Amino acid sequence: MQKHILIAKDIVKKYGNHTALNHVNIEIIEGSIFGLLGPNGAGKTTLMRIINQIIAPDSGRLIFDGNPLKREDIAKIGYLPEERGLYKKMKVGEQALYLAKLKGMPHHEAIEKLKYWFSRLDILDWWHKKVEELSKGMAQKVQFVVTVIHNPKLLIFDEPFSGFDPINAAIIRNEILELSKNGTTIIFSTHRMESVEEICNHIALINNAETVLQGPIEKIKNDFRNNTFSVKLKADNLILSNNFKILDQQGNHYQIQLKENTTANDLLNELIKNEEIISFEEKIPSMEDIFIKAVKDE
Amino acid sequence: MNKIWLIIKREYLIRVRKKSFIIMTILGPILMAAIIILPTYLAMQGHDERSIALYEENTAFFSSLKDSDDLNFVKIPFEEVSFLKKDIGNSPYYALLDIKDDENFTLYSNQQVSLSIKEEIQDKIANILQHQKLKEAGIDLQILQKSNTPVEVETIIIGEEGETTGNAEVSFGIAFMCGILIYMFIFMYGTMVMRGVIEEKTSRIVEVIISSVKPFQLMMGKIMGVALVGLTQFLLWILLTLIISSFAEILFFDASTLATEAGEMSKEQSVIFSEMLKAVAGINIPQLLVAFLFYFLGGYLLYSALFAAVGAAVDAEADTQQFILPVTIPLILSFILMQPIMDNPDGVLAYWTSLIPFTSPIIMMVRLPFGVSNTELIMSISLLVLGFLATTTLAAKIYRTGILMYGKKASYKELWKWLTFKG
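So the protein lines, in turn, are chains X and A.
Per numbering that gives the first Met the number 0, residue 0 is the first one in the first sequence, and the count goes up by one each step.
Per numbering that gives the first Met the number 0, residue 0 is the first one in the second sequence, and the count goes up by one each step.
Bear in mind the hints are in silico, worked out from the structure with no lab data behind them.
Note that the coordinates shown come from a computational prediction; the quantities given were computed from them, not determined experimentally.
The beta-carbon is built from N, C-alpha and C at its ideal position, and this holds for glycine as well.
Don't take every hint at face value.
[Said to hold, decoys possible] Straight line, CA to CA, 20 Å or less: simulated EDC-like cross-link-like pairs of lysine to aspartate or glutamate: (1) A/K407 to X/E82; (2) X/K129 to A/E413; (3) A/K407 to X/E71; (4) X/K135 to X/D72; (5) X/K13 to A/E413; (6) X/K88 to A/D100; (7) A/K213 to X/D72; (8) A/K18 to X/E131; (9) X/K114 to A/D314; (10) A/K18 to X/E259; (11) X/K88 to A/E151; (12) A/K17 to X/E132; (13) A/K17 to X/D57; (14) A/K407 to A/E316; (15) A/K2 to X/E259; (16) A/K396 to X/E132; (17) A/K2 to X/E81; (18) A/K213 to X/E177; (19) A/K412 to A/D342; (20) X/K87 to A/E413; (21) X/K87 to A/E316; (22) A/K213 to X/E108; (23) A/K2 to X/E71; (24) X/K13 to X/E29; (25) X/K135 to A/E413; (26) A/K408 to X/E82; (27) A/K8 to X/E81.
[Unchecked claim] If you anchor each label on the Cβ, the simulated ranges turn out as follows: (28) A/R16 to X/R119: 28 to 34 Å; (29) A/E119 to X/K88: 44 to 50 Å; (30) A/I237 to X/K88: 47 to 53 Å; (31) A/A389 to X/K2: 55 to 61 Å.
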């Protein structure tokens with residue numbers, strides 16, 4: 000059986016009349032990259048704040064690494080909130096050191112680790128600069144470093160790539176993958192579905208304060224397949240029998256859905272008789288399609 | 000505990016290293032010293048001697064008008080009067096005093112005659128007229144002067160430790176100083192806390208920090224850090240003021256002028272001076288100091304928690320107005336009440352306002368130099384401790400919700416809801 004780093008059971012959080020989380024259950028397998036998805040206001044941030052013990056749930060339990068989540072566990076969790084920033088008037092190095100020590104790191108270890116990460120991300124020159132002299136992207140790099148500095152078991156990133164140019168976003172993405180390879184579990188919250196597909200292996204979709212989907216990304220994608228094939232032909236005048244339905248045509252590029260009791264082979268057989276096929280593949284729904292469908296069906 | 004210490008350290012260092020702190024710390028005492036020294040220095044400078052042309056037809060004031068340090072009178076003939084009235088600016092005279100009879104006096108000048116000169120001339124003339132009338136009534140002026148006896152009533156306070164010499168003026172001065180200082184301290188450093196909270200909120204660092212420490216730790220760390228900044232500045236001010244004023248005394252007033260100054264001190268003044276020294280000795284200085292430090296910190300803690308809550312409830316400093324007002328009203332009220340309380344330091348108003356924690360830091364310090372019973376003092380202190388525990392608890396609840404609310408303008412209704420949220 001896979002070990003869970005974090006289990007959230009039946010979490011409820013209300014703000015007055017507004018319910019932010021309504022009996023939410025989440026299980027995160029150790030070492031996974033877990034995508035926490037959902038539209039704005041679904042309750043993702045509230046859930047992440049509860050995991051970080053910034054706020055307390057009204058009811059429900061949190062199990063971290065096999066035991067109930069306790070105050071000391073914050074030293075084992077790293078959190079990069081969506082609303083993040085730094086003290087503008089403070090120097091970069093001094094500030095990073097302060098934040099690392101607040102996480103409970105001893106002075107010398109903190110300095111050593113900061114030097115390592117700063118040179119790794121090529122920002123060692125900024126140590127004595129004030130934060131207000133940095134660009135937004137540069138400040139984001141510093142924030143990334145102070146999130147991972149204490150080598151946490153669980154890392155929580157809320158929209159980690161916002162504010163980065165493509166080059167730096169790629170650098171940060173590679174660092175996240177590297178951390179994952181070394182055994183760190185990562186919770187990753189974003190609206191950018193293409194990065195979810197690239198990085199995550201598990202997801203949970205939260206909508207209207209409830210979990211609507213959860214599981215390994217491959218399984219979810221499988222569940223959302225709808226027997227549609229993407230076919231490219233030489234000609235653009237395809238006529239098919241009633242067993243199949245053409246959903247969309249762009250020139251010689253067709254989206255064809257199978258009806259009941261037909262298989263991909265049936266479609267191929269029919270096509271081969273009359274047409275010259277250039278390409279033929281099953282259309283797997285993208286995370287974006289799944290996201291939109293799941294949210295709309297709610 | 001270790002973490003709150005880290006926060007206190009940062010909040011303290013970041014502020015005392017600021018240029019504005021250093022400038023304020025240096026400028027403050029210079030200004031204070033200037034306020035103390037300048038009037039004395041100016042008073043010692045020679046005055047411009049001004050000539051007043053005097054024309055009188057039917058009276059004989061000139062013979063009795065004595066010249067003083069800054070005024071000398073020159074009698075002029077009738078021919079010059081019309082000439083002077085036309086062009087007094089080019090004459091050696093500052094003004095022309097035209098006396099028609101015992102009731103009509105006119106001062107001509109090409110500029111507004113200064114109030115002090117006008118008053119000096121008025122006094123002189125009034126004096127002459129008074130003497131004349133007394134003489135006419137057959138009263139011997141010498142007897143009159145001898146009968147003028149200075150009286151100074153010594154006040155003794157019968158306290159628990161025996162009799163002490165009291166002095167209303169000294170108590171008044173000390174009370175005023177203490178009240179003003181506490182008022183200033185609470186206002187300056189309370190808003191400093193508020194600005195710090197707003198800065199953390201607008202720079203969006205607050206959520207990063209409270210994923211490491213509890214919101215309460217962050218709030219208290221900031222409040223304590225700023226309190227230390229305030230104490231540092233206050234101590235440096237006292238120290239620098241003492242140093243600067245003693246240096247300035249050496250620079251500006253050499254020993255001989257000081258000696259003549261002291262010599263010129265009239266007998267009456269020196270009596271008052273020694274009275275004051277006695278009165279200062281009569282005031283319980285250690286009690287006053289300890290109480291000052293306590294009310295200084297107690298008042299600050301009570302209010303700064305509220306200021307922190309205000310900072311957490313808004314997004315920008317411009318939005319603080321609606322919440323700041325109710326917080327500052329009791330402060331401003333105690334400031335206004337200082338005068339009436341000093342006039343009647345044992346009245347009902349003084350009694351209650353020195354018990355209520357929102358007004359007691361200022362009012363009790365104003366009352367203390369006049370003497371307050373120990374029971375009252377202990378009651379006031381306990382209430383203040385309860386008071387700041389209450390405001391801190393309340394503020395912490397608003398704070399922990401407010402710092403995570405971005406882009407929302409909170410209303411009082413909203414704040415009330417925040418108080419009910421579970422941490």
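* In rising order, the numbers of the hints this structure does not comply with -> 2, 3, 4, 6, 9, 10, 11, 13, 15, 16, 17, 18, 19, 20, 22, 24, 25, 27, 29, 30 and 31
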